[in-house]
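Trainee: According to this note's numbering, the sequence shown holds residues 1 to 139 in order.
I should point out that these hints are in silico values taken from the structure, not numbers from a laboratory. Treat each hint with caution, since some may be false.
Said to hold, decoys possible - Restraint ranges, calculated between C-beta atoms of paired labels, are given here: (1) Ser79 x Arg106: 49 to 59 Å; (2) Leu14 x Arg126: 42 to 52 Å; (3) Arg115 x Pro80: 34 to 44 Å; (4) Ala26 x Arg106: 18 to 28 Å; (5) Gly121 x Thr7: 38 to 48 Å.
For glycine and all other residues, C-beta sits at the position ideal for the given N, C-alpha and C.
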Amino acid sequence: QARASGTWGDMRLLGQREDVHRWMQAADILVSGSHQDTEGMSRVLYEAMACGAVPIATDIAGNRDAVTPDTGVLVPERSPDGIARAVSELRAHPERLAALRAQGVRRARETFDIRFHARGGEGFYRELVPLRARVGERV
């Protein structure tokens, strides 16, 4: 299909890689065409935002949690035309791409940083220990 549409020269199919983060850092856009019920939370969207790539993703449950109107673009599920339009739109408006990139990096670092989650887990256990001690269980 890529050859028939004339886009083959714009594509690189690299297979399994250990250096995906370097490719994301070099990319302007990351496209995720996931389908409902095939994955829950697509971690690659958060990773892409942290690396500065703007996500274009299908409008399904897990993706809606990651991508906001300020950080990327959601397109209808099973819509290659929607993906193509979103890519073209961002390429035609570099100022919007830059704004989405900046907000995506900020959101990824503030919301999905491992230190944030570790502090949340630590806080949960700090609340749990005194509670268990009050009801007479060994801590």
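Trainee: Quick check on a hinted range of 49 to 59 Å for Ser79 and Arg106, using CB atoms only.
Mentor: Cβ of Ser79 to Cβ of Arg106: about 28 Å, so the range 49 to 59 Å is violated.
Trainee: Can you let me know if the beta-carbon spacing of Leu14 and Arg126 is within 42 to 52 Å?
Mentor: 45 Å, holds
Trainee: Between the beta carbons of Arg115 and Pro80, is the distance compatible with 34 to 44 Å?
Mentor: Check passed, 38 Å falls within 34 to 44 Å.
Trainee: Holds or violated: the 18 to 28 Å window for the beta-carbon distance between Ala26 and Arg106?
Mentor: This hint holds: roughly 20 Å between Cβ atoms.
Trainee: Does the beta carbon distance between Gly121 and Thr7 stay inside 38 to 48 Å, or does it fall outside?
Mentor: 44 Å, holds
Comparing the model with each numbered hint stated earlier shows that hint 1 is the single one that does not hold.
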